[in-house]
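Trainee: Sequence:
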Amino acid sequence: MLLLLMSLISCATKTLNPIRTVELPEDDAFIDGEYIQWWYWNGNLTAGNGRRFGFQMVFFSVQPNLMMAHGSLTDITNQTFQYETVTRLMIPKKYTQSFYLNVGSIKPMMAKGGDGVDRLTAELGVFSYDLFLKASKPPLLHYGGRSHEYEIGGYTYYYSRPKMDVDGHIVVEGEKLEVTGEAWFDRQYGDLEEIIDTGWQWFSIRLSDNTQMVLFYFEEAKAIRETLLVKYDAEGNTKSYTLDKFDLKVLDYWQSHETGCKYPSKWQLEVEDQTLIIEPYLKDQEVRPKAGAWLTPTYWEGAASVAGEVGGEAYVELHGFCGDSAE
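Using UniProt numbering, read the sequence shown as starting at 1 and increasing by one per residue.
Some hints could be false.
Keeping only pairs whose Cα atoms sit at most 35 Å apart, straight-line, the calculated DSBU-like set for lysine-lysine is [unchecked claim]:
(1) 176 / 249
(2) 262 / 222
(3) 231 / 266
(4) 266 / 137
(5) 245 / 262
(6) 112 / 94
(7) 231 / 94
(8) 94 / 134
If you're looking for bench data, these hints aren't it; they were derived computationally from the structure.
Treat the numbers as computed from the prediction; the structure is a model and nothing was measured.
Work the whole structure out from these sequences, hints included.
Mentor: Shown next, in the form of structure tokens:
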């Protein structure tokens, strides 16, 4: 989930939308013929000494032969943010009911697994992690598991594993810490060229009462009707909300001194009788191009707290807030 440079993907060969539904665990695997697809994880971790972190990892595949991987670590306790990116001209290997994604040599990142049991490893300069994840709730199939045709063109298949238990270790500036926590997994694939050329605010929310929510809020008028809000409660019930059934207000902004991009930085979400205040743990969780990291877009992706009658934690992704599209 984020902007892929349109000049790269415009030359790829598209295929027609297949008539199918999401099948699991089969669709955890790389699907040959899907134009753009990604595997994405985020989560919150606590070390044995109480130190708190957020992490994110994502792999993109764009036909015919482009892979990108991004990994980040937010040190909530010490208020630092680190990230790295890798781009390769390659295609994932196809496995049955599983995936094995592996990029980089100087900055290696790897994800393997399937059917809700995954392992993520990364060695990214001043930080690394080796994390084991296991889903503790059934998958959440968006759009009923069917193909969703975007009004602006293209289509998607989209599902999540909103609650995955995590254990493993991280290394920060040479210090190894055993950690536990919870994570969110997103898988999306299809003809996504038009939709990723829009601006959005995306939230994964995990509340302390074992309710999870996803909000995919599109900024531009041409895509606003594609906004998606789904609540997944502790009993496994799901409920979707149209734009007129919830309200998202931006309460504050943060402007990057490095790029000049201006991002929302605090929100109030009202849905039914619930009011949530979402606020980043750290203002600067902006991903920016680095020397040698070709094709890295600029976007904001980070860990956040959730306050309300029932609180929790969230991850937020902000795309489309730079240049002419900035607020």
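Trainee: It remains to establish, for every hint, whether it holds in the given structure.
Mentor: Comparing the hints with the structure gives:
no.: 1; hint: 176 / 249; in the structure: violated (39 Å)
no.: 2; hint: 262 / 222; in the structure: holds (21 Å)
no.: 3; hint: 231 / 266; in the structure: holds (20 Å)
no.: 4; hint: 266 / 137; in the structure: holds (29 Å)
no.: 5; hint: 245 / 262; in the structure: holds (28 Å)
no.: 6; hint: 112 / 94; in the structure: holds (12 Å)
no.: 7; hint: 231 / 94; in the structure: holds (32 Å)
no.: 8; hint: 94 / 134; in the structure: holds (22 Å)
Of the numbered hints given earlier, the model fails hint 1 alone.
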